[in-house]
Amino acid sequence: MALIAEHLTLEVDHVRHLDDVSFTLERGRLHTLIGRTLAGKTTLLRTIAGLQRIDRGTLDLDGQSFLARPVWKRDVAMVYEQFINYPHLSVLDNVAFPLRRRGLSVDVARERARAVLERVSLRGFEERRPSQLSGGQQQRVALARALARGADVLLLDEPLANLDYKLREQMREELRGLFSDQGGSIVLYTTTEPAEAMMLGDVVLVMHEGRLLQMGPPDEVFDRPATTAVATVVNDPPMNIVDGAIEDGLIRLGGGRSLPLATHMRGLPSGSYRFGLRAIELELGSADDISGAVTFSEVSGSETFIHVDTGFGPLVLQIEGVHSFALNAAVPVAIDQEKLFVFGPDDQLVAAP
Amino acid sequence: MAQIILSGVGHTYTGAAHEEAWALNPLDLVWEDGRTYALLGPSGCGKTTMLNIISGLVKPTRGRVLFDARDVTDIPTTKRNIAQVFQFPVIYGAMSVYENLAFPLVCRKWPRERIAEKVAEVAEVLDLERELRRPARTLTAAEKQLISLGRGLVREDVAALLMDEPLTVIDPQFKFLLRRKLREITERFRLTVVYVTHDQNEAMTFANEVVVMSEGQVVQRGSPEELFEYPRTTYVGYFIGSPAMNLFPVSTDGGALVFGGTRLRSNYDAAALPPGQLQVGVRPEYLELAFEPGENTLAARITGILDQGSVRVVALLVAGEPAKLSIPRGRRVPSGDVLVRLPADKIRVYVDGDLATAGR
Numbered sequence: 001m002a003l004i005a006e007h008l009t010l011e012v013d014h015v016r017h018l019d020d021v022s023f024t025l026e027r028g029r030l031h032t033l034i035g036r037t038l039a040g041k042t043t044l045l046r047t048i049a050g051l052q053r054i055d056r057g058t059l060d061l062d063g064q065s066f067l068a069r070p071v072w073k074r075d076v077a078m079v080y081e082q083f084i085n086y087p088h089l090s091v092l093d094n095v096a097f098p099l100r101r102r103g104l105s106v107d108v109a110r111e112r113a114r115a116v117l118e119r120v121s122l123r124g125f126e127e128r129r130p131s132q133l134s135g136g137q138q139q140r141v142a143l144a145r146a147l148a149r150g151a152d153v154l155l156l157d158e159p160l161a162n163l164d165y166k167l168r169e170q171m172r173e174e175l176r177g178l179f180s181d182q183g184g185s186i187v188l189y190t191t192t193e194p195a196e197a198m199m200l201g202d203v204v205l206v207m208h209e210g211r212l213l214q215m216g217p218p219d220e221v222f223d224r225p226a227t228t229a230v231a232t233v234v235n236d237p238p239m240n241i242v243d244g245a246i247e248d249g250l251i252r253l254g255g256g257r258s259l260p261l262a263t264h265m266r267g268l269p270s271g272s273y274r275f276g277l278r279a280i281e282l283e284l285g286s287a288d289d290i291s292g293a294v295t296f297s298e299v300s301g302s303e304t305f306i307h308v309d310t311g312f313g314p315l316v317l318q319i320e321g322v323h324s325f326a327l328n329a330a331v332p333v334a335i336d337q338e339k340l341f342v343f344g345p346d347d348q349l350v351a352a353p
Numbered sequence: 354m355a356q357i358i359l360s361g362v363g364h365t366y367t368g369a370a371h372e373e374a375w376a377l378n379p380l381d382l383v384w385e386d387g388r389t390y391a392l393l394g395p396s397g398c399g400k401t402t403m404l405n406i407i408s409g410l411v412k413p414t415r416g417r418v419l420f421d422a423r424d425v426t427d428i429p430t431t432k433r434n435i436a437q438v439f440q441f442p443v444i445y446g447a448m449s450v451y452e453n454l455a456f457p458l459v460c461r462k463w464p465r466e467r468i469a470e471k472v473a474e475v476a477e478v479l480d481l482e483r484e485l486r487r488p489a490r491t492l493t494a495a496e497k498q499l500i501s502l503g504r505g506l507v508r509e510d511v512a513a514l515l516m517d518e519p520l521t522v523i524d525p526q527f528k529f530l531l532r533r534k535l536r537e538i539t540e541r542f543r544l545t546v547v548y549v550t551h552d553q554n555e556a557m558t559f560a561n562e563v564v565v566m567s568e569g570q571v572v573q574r575g576s577p578e579e580l581f582e583y584p585r586t587t588y589v590g591y592f593i594g595s596p597a598m599n600l601f602p603v604s605t606d607g608g609a610l611v612f613g614g615t616r617l618r619s620n621y622d623a624a625a626l627p628p629g630q631l632q633v634g635v636r637p638e639y640l641e642l643a644f645e646p647g648e649n650t651l652a653a654r655i656t657g658i659l660d661q662g663s664v665r666v667v668a669l670l671v672a673g674e675p676a677k678l679s680i681p682r683g684r685r686v687p688s689g690d691v692l693v694r695l696p697a698d699k700i701r702v703y704v705d706g707d708l709a710t711a712g713r
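So the protein lines, in turn, are chains E and B. Position 151, counted from 1, in the first sequence is what this note's numbering calls 151; the numbers after and before it change by one each time, with no gaps. To convert, take the position in the second sequence, counting from 1, and add 353; that gives this note's numbering.
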């Protein structure tokens, strides 16, 4: 039982908003969809909901065409970035309303609404109006309404984007528990935040410029990013990508720098490659390491992000502790070749640590 | 540029000047010339009220606002020479980038050559020289925010740059690029900057000094490192850092702090602490998994693991108390019963929620 998309394509003014997107989403699993703004995330959700017509492709739910079904016959619940609630209804009736529409009696609908409100920690707020709640609480009401319906398909479009940072942190943890009870639904959740996609998803989908680049368990996407674009999108700060080559049993980087070949690179033919380095895996080194010039550094409490220009391109380092650097100061950068990702000139992953 | 002084400034939106009604409790605050400040707190803490008082959009119920020695309390926003950047870019979509940047000067009836000169100068700093002829609506969100900023910068004698969550519409992957650009600009123009945000990461990475607000009050101001290492209250410990600082209830036994039956070694002399409810705080980054019993080592049980990509956050119960510990990816995470260590020099003591200064 699944939602199966094949070759979804939409072009507007010569820009591909969806470019041959195919996937299978299974019931009872939480799918997170990560991508930058304009990656096609919202277009995809709108297509599933029936709010967006597409040029080509099929979408089947449990073996039946979903695209052919009109919007009002699709059992889809959607939660948006902006909190949307019925301002004139109490919190309880906001959640009970869609249940009433489906023919449940007032008592049954309200009873079920109460149970869901309890799950989203809104017990005691049933009689208030949405406007009397904080932003986080309002978004919980919207979530509760979507959850209560037990819809076939539950779509969440960056639901935490408008919340305070601390609240977002707390809600992320709560959401995992909430969706785990949502056994029968197909859940698709979009975000621009790598940590959120990793934490929440049973399956992570990565979109970029209208294309679905990779889909798999969080570990797989993080440890074996299929392309350089995936590697930059799922890492924060984005993975450093530098051009180089493998020649004479050495890794050659620009500016005359070279490193010994790592274990996982043995057997790769000589030629041009692109190397990926995670910011957190780069360290300040000693005099015989590669040297670079600091272009910018910023401290975030326990960590320092250092932007360094090297002979082979700019790098971002994420190091423990608080350090300050003068602009253009020379710093040695230690690169552990065993931690390098290797991509072909076509940006496809060829070897991972 | 200017030093900005808030002298006894307080504000209430209800008009009722009693304690509960203050959106901003009366306070004295000095913003030094040429420094970058972040005003950090959750929604409703009063940070935007304070920003609006500085810009003149809100006239404080009480107190005076001074730019250098000049009292500007009764001077309207338009006369305060303030550059402002809001959450969403404010640009004229139908105009070119050049016309957008020139607009404030055209309104001031500057001669055309002087405008051209000034726009060129600002465009260079913003890295928008090659985009000057483009219609502004075709730019990215980040570029639009730079134009909003640029329109403030073209004027002479900008007293201060005020920004209200300027990175809201920017993708996480581009935020640091824009932050870097903003830093370059503020350093080059030696601007006094007040930057409002609810995002601790943004505040910590952007500002020389962070002012943490809660419920209409300033609870701490300091460098990012001070806020991280020595949060003055348990609230700051919670608000700064992700996940929040761990807090454990402790008792005393002579000069020692006792947690879960274990006497803790720390930099504090428990006998010298004032009376009150005692807690120790340890950052999740500093809590360690231990492999054998030893100093400050307690039994714990792992209850869950959150994979955040480059770090894993381990949820556990330490002597029955919930706690979090973050460890870099690549390190093995055990399961079930484990030992954790509270490093002595990373222990902070709180009495009734306030960082203890006595006994250290």
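Where hints are given, some of them may not hold.
To be verified - Capping the alpha-carbon separation at 30 Å, the derived lysine-lysine pairs in DSSO-like fashion look like this:
#1 K339/E <-> K677/B
#2 K432/B <-> K462/B
#3 K166/E <-> K534/B
#4 K699/B <-> K534/B
#5 K471/B <-> K534/B
#6 K166/E <-> K699/B
#7 K677/B <-> K166/E
#8 K699/B <-> K677/B
#9 K412/B <-> K432/B
#10 K432/B <-> K471/B
Because the hints were derived from the structure by calculation, they are not lab data.
Pair hint K699/B and K534/B, alpha-carbon separation not exceeding 30 Å: violated (35 Å)
Distance restraint between K677/B and K166/E, which requires alpha-carbon spacing of 30 Å or less: holds (15 Å)
Distance restraint between K339/E and K677/B, which requires alpha-carbon spacing of 30 Å or less: holds (27 Å)
Given pair status - K534/B, K471/B, alpha carbons within 30 Å: Satisfied, since the Cα-Cα distance of roughly 19 Å is no more than 30 Å.
Restraint status (C-alpha distance of K432/B to K462/B at most 30 Å): Within the cut-off at roughly 16 Å; holds.
Pairwise hint evaluation, K432/B against K412/B, where the allowed Cα distance is 30 Å at most: Satisfied, since the Cα-Cα distance of roughly 14 Å is no more than 30 Å.
Hinted pair K166/E and K534/B, Cα distance within 30 Å: Holds. K166/E to K534/B sits at ~26 Å (cutoff 30 Å).
Hint consistency between K432/B and K471/B [alpha-carbon to alpha-carbon, up to 30 Å]: holds (20 Å)
Straight-line alpha-carbon gap K699/B to K677/B, limit 30 Å: holds (15 Å)
Restraint check for K166/E with K699/B, where alpha carbons must lie at most 30 Å apart: Judged against 30 Å, a Cα distance of about 23 Å means the pair holds.
Consistency note: the structure conflicts with earlier hint 4 alone.
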